[in-house]
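Taken in order, these protein sequences are the chains called A, B and C. 287 is the number that the numbering used here gives to position 287 of the first sequence; each next residue is one higher, with no gaps. 110 is the number that the numbering used here gives to position 110 of the second sequence; each next residue is one higher, with no gaps. 62 is the number that the numbering used here gives to position 62 of the third sequence; each next residue is one higher, with no gaps.
Keep in mind the hints are simulated off the structure, nothing from the lab. One thing to keep in mind: the hints can contain errors.
[Unchecked claim] Listed next, the in silico DSS-like pairs over lysine-lysine satisfying Cα-Cα at most 25 Å (straight line): (1) C:Lys204 to B:Lys100; (2) C:Lys204 to A:Lys367; (3) B:Lys235 to B:Lys221; (4) C:Lys233 to B:Lys108; (5) C:Lys204 to A:Lys399; (6) B:Lys151 to C:Lys233; (7) B:Lys3 to B:Lys165; (8) C:Lys204 to A:Lys425; (9) B:Lys108 to C:Lys267; (10) C:Lys233 to A:Lys380; (11) A:Lys346 to C:Lys233; (12) B:Lys52 to C:Lys233; (13) C:Lys233 to B:Lys78; (14) B:Lys100 to C:Lys267; (15) A:Lys380 to C:Lys160; (16) A:Lys380 to C:Lys267; (17) B:Lys192 to B:Lys100.
All values derive from a computational prediction rather than experimental measurement.
The lines below spell out each chain.
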Amino acid sequence: MENETKNILQELETSDYKYGFVSDIETETIGRGLSEEVIRLISQKKEEPEWMLERRLKAYRHWLTLKHPNWAHLDIPEIDFQDVIYYAAPKQTKKLNSMDEVDPELKRTFDKLGIPLEEQMALAGVAVDAVMDSVSVKTTFRDTLAEKGIIFCSMSEAIKEHPELIKKYLGSVVPYTDNFYAALNAAVFSDGSFCYIPKGVRCPMELSTYFRINAEGTGQFERTLIVADEGSYVSYLEGCTAPRRDENQLHAAVVEIVVEKDADVKYSTVQNWYPGDKEGKGGIYNFVTKRGLCREGAHLSWTQVETGSAITWKYPSCVLLGDNSSGEFYSVAMTNNYQQADTGTKMIHLGRNTRSRIVSKGISAGKSQNAYRGLVRVSKDADNARNYSQCDSLLIGDKCGAHTFPVMQCSNPTAVVEHEATTSKISEEQLFYCNQRGLSTEDAVGLIVNGYAREVLQQLPMEFAVEAQKLLAISLEGSVG
Amino acid sequence: MLKVENLCASVGDKQILKGINLEVKAGEVHAIMGPNGSGKSTLASVLAGNEKFTVTDGKVEYEGENLLELNVEERSRKGLFLGFQYPVEIPGVTMANFMKIAVNEQRKAQGLEPLTAAEYLKLMREKSAIVELDPKLTSRAVNEGFSGGEKKKNEIFQMAMLNPKLAILDETDSGLDIDALRIVATGVTRLKREDNATVVITHYQRLLDYIVPDYVHVLYKGRIIYTGDKSLALKLEKEGYDWLINDYKEE
Amino acid sequence: MSEKIVSELQARPVLEPRIGSGCWSVDLAKGEAITLERDAHADMVLTGAGHEGGALCLTLEPYSRLNIVELVDQEGATTDLRISLLEGAECSVTQVVTASSNLRVEASLDGRFARFELGGAFILSANERGTVQVDVRHNVADCSSRTTFKGVASQSAVGKFSGLVYVAPDAQRTDSEQLSRNITLGEARIETLPQLEIYADDVKCSHGATVGQMNDEAVLYMRQRGLSLATAKRLQIEGFVSDVVLRSSTELCREAFIEALESKLEKL
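Using the sequences plus the hints, can you model the full thing?
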């Protein structure tokens, strides 16, 4: 049986990356490399106001003083930041007014991705801001949202149309001084999504952004800013894909979330960037900074299913500033072949009676390395803070690695912080039992893994949960051990 | 011995006891019955001095003293014993050590010398026999890994060790099989004297077959709505509380 | 002080006597090491004000058994233990810390069926700083390890525990458990990093960490039985660390442990 399993394993490792097609769309790019000139050019192409350019330059000058971080449990090849194209936009001559005007090739790309960009999305209840390469292509359902006072548009538009909100909130949660990639992103970000939910408004539909890197040699640096004003609610989804290429591509995004008093934000990600081939060639370097700030009584929940990227470096975090605020982090990180993931969260308890919960499920297969890295900090004034963390690892095959690096810092005697972790593998007995009841080994593994990840998948909105399950199955193919 | 007048208590914003009146004299056994959530356990906790509850009104006199002015351990040292409904596990603290400190604290409060090791061991052997408690359990950590029955026996064992004037037993019978129930109840009866009193909080009449009460009180929505003799318990067992509650509503 | 004094190195070999009992001094600066021969059994009590001169290196030859007990009660002590366990060797270490100090233990499981156990506790008060670093390296298959470190920090003390369980590729059937349990009182701070680094799939590894406070219910329970608040708290802390201090392997210097513990608890 062991042999059979090995065979299936190898067979499946060769299964294709379903989203690895390249769209034949004319793109407008600027030359490779990074300098003040390039930043001025990006800003100019985006017709940005002067204050935005100033912010970019400030971030760039700061970035020049920084060194590439190397503390993660990752083997990151040296990245030549002068060999990256920092701006690529699908060529368009004029502004789009209706769906029909969208480039048919572009529409086909999105169809292949399975993004319902058409009117039928009303039924699905999804409003999509699709970001291809660096420019936000089309934002759907803006009118419906506008009735409620909800702003949902590309970052470029927001800079022009809502400068007061952007000036107030952009960089307020993740300042450019935060880290190497946050600085780089603040200097060169080309687009992204902006979302504002006014006081007391419950966003009537799931908001969603799809990211796709299409052009060759480009880096994607999108920036997302969500502001949920007092007592509001929004559920936000983010999906990512990229075509297969032999070279590595860089994705360094920043997501900032401001959760005002008593507001509630749910942010879900299904990340499926091209992971590289089974030899470990190509794939996206996914270096993302995600953080939310919770005021009094606010609640922020991060859910992520990470199956793609050659290297993932990402720690969606919650700063629990206000009293009685709470944060959650649910994660499934799946690595196969030569993928590396170093992901986790930070829960910073500053306010009183703050609560946080971490559920992390790592799955490593092939020759991959999967690390959970977490920080739970309870500051001196965070009376009655509570944290519960659970970090489980599942190993499939004997060439992979699973690592857990939780840090707990507690400076308040009324706080309770708990961490538990287990490591397991799919046992022969489990597989035998399933086989005996007529399941193929492959189905059995899928079943066991989905069961293992269930607690997290349940947190996803329905449509995403189905996609995530399929993705897990695809990424798992060939990893039976 | 104990005189409770118009006792009102709350937890947070929630008023639970709404004017309890109860008098317990030496040599008496009182049973307090009532449906779930009527405030039985709260009454026990408040009398023992649990700071989670706030006394909002009323008086409690115990042995001529204002009980409400005393803290938990002072009440204990003056002979008030609470048998917990859910005895707490205290990892790493052995029963023997725990009880030794408790007994000697009580003796200190009474102006007595602490027991010598030999005296203490003798006392422990003697008292553990009353509840047929496996002497081995006394070398284990307090309640840790004890079965439900062992935990309850352990409560009565501690009661025997501390020899209280007033024992309040909060659902000591719940979760016990008939043998354990007999042992626990017999233990309580053997500890009964002319100069002490027992308040038994219970759901079931079956405990009262062994511990015969002089009075049976029915607690409902934070008040004692009816008091009778032991026949009341039998009637409640057969007919439930509805007839009483309905009467009460009509009032 | 670069000298590590090892007292009471008692050997009770199973097959034939090789070493007697007595006191050893080991010059750490010279890199001297101790080897426990095949099948030998020994108890070892480490005393002295730490080992600043370097690490105390121990090699346990196949099927030998070593029991190490150490009380760290001197301000500013630094201790460093490096233990290599060969096939079937067993090592048990108990460390109790009652003063500002810096502890490091590295156990390498280098032979199959080796077993390593560490029980430790630190109790810190005032402005004391204590750091503990425990690395357990499963380099080969079929070994097991258990690490439990308990921490109590009161007043303005800071206690740090950092643990690593490393499981090498092919160290299959590793069975490892790592626990860090802590109580903070007053203004004290606790940091704990229980880390796992695993490169083999057929393993049973778990770790847990908690930072908490006194159990109020237990305190209430004890007060109901007449114990004062202070006694109830002290007793709870004593109970919290007692399973480490009173492990069967600590018989050698149990009295010293209890004495150190009691005098420390008075200061909390």
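Hints versus structure:
1. About 42 Å separates the Cα atoms of Lys204 (chain C) and Lys100 (chain B), which puts this hinted pair outside 25 Å; it is violated.
2. For the given pair, Lys204 (chain C) sits about 20 Å from Lys367 (chain A) by alpha-carbon distance, which is consistent with the 25 Å threshold.
3. Of the pairs offered as hints, the one joining Lys235 (chain B) and Lys221 (chain B) holds, with about 20 Å between alpha carbons and a cut-off of 25 Å not exceeded.
4. For the given pair, Lys233 (chain C) sits about 19 Å from Lys108 (chain B) by alpha-carbon distance, which is consistent with the 25 Å threshold.
5. For the hint pairing Lys204 (chain C) with Lys399 (chain A), the CA-to-CA distance comes to about 16 Å; that is within 25 Å, so the pair holds.
6. Only pairs whose Cα atoms come within 25 Å are accepted, and Lys151 (chain B) paired with Lys233 (chain C) is accepted, the gap being roughly 22 Å.
7. Between Lys3 (chain B) and Lys165 (chain B) the CA atoms are separated by roughly 14 Å; this keeps the pair inside 25 Å, and the hint holds.
8. Between the alpha carbons of Lys204 (chain C) and Lys425 (chain A) the distance comes to roughly 9 Å, so the proposed pair stays at or under 25 Å and holds.
9. For the hint linking Lys108 (chain B) to Lys267 (chain C), the alpha-carbon distance of about 23 Å falls within 25 Å, and the restraint holds.
10. Under the criterion of a C-alpha separation no larger than 25 Å, the hint pairing Lys233 (chain C) with Lys380 (chain A) is consistent with the structure, at around 22 Å.
11. A C-alpha spacing of about 33 Å is found between Lys346 (chain A) and Lys233 (chain C), which places the hinted pair above 25 Å, so the restraint is violated.
12. The straight-line distance between the Cα atoms of Lys52 (chain B) and Lys233 (chain C) is roughly 18 Å, inside the 25 Å bound, and the hint therefore holds.
13. Taking the CA atoms of Lys233 (chain C) and Lys78 (chain B), the gap is near 21 Å; set against the 25 Å cutoff, the hint holds.
14. The straight-line distance between the Cα atoms of Lys100 (chain B) and Lys267 (chain C) is roughly 23 Å, inside the 25 Å bound, and the hint therefore holds.
15. Distance check on the hinted pair: Lys380 (chain A) and Lys160 (chain C) sit about 16 Å apart at the alpha-carbon level, within 25 Å; holds.
16. For the proposed pair Lys380 (chain A) and Lys267 (chain C), the alpha carbon gap of about 23 Å is at most 25 Å, so the pair holds.
17. For the proposed pair Lys192 (chain B) and Lys100 (chain B), the alpha carbon gap of about 23 Å is at most 25 Å, so the pair holds.
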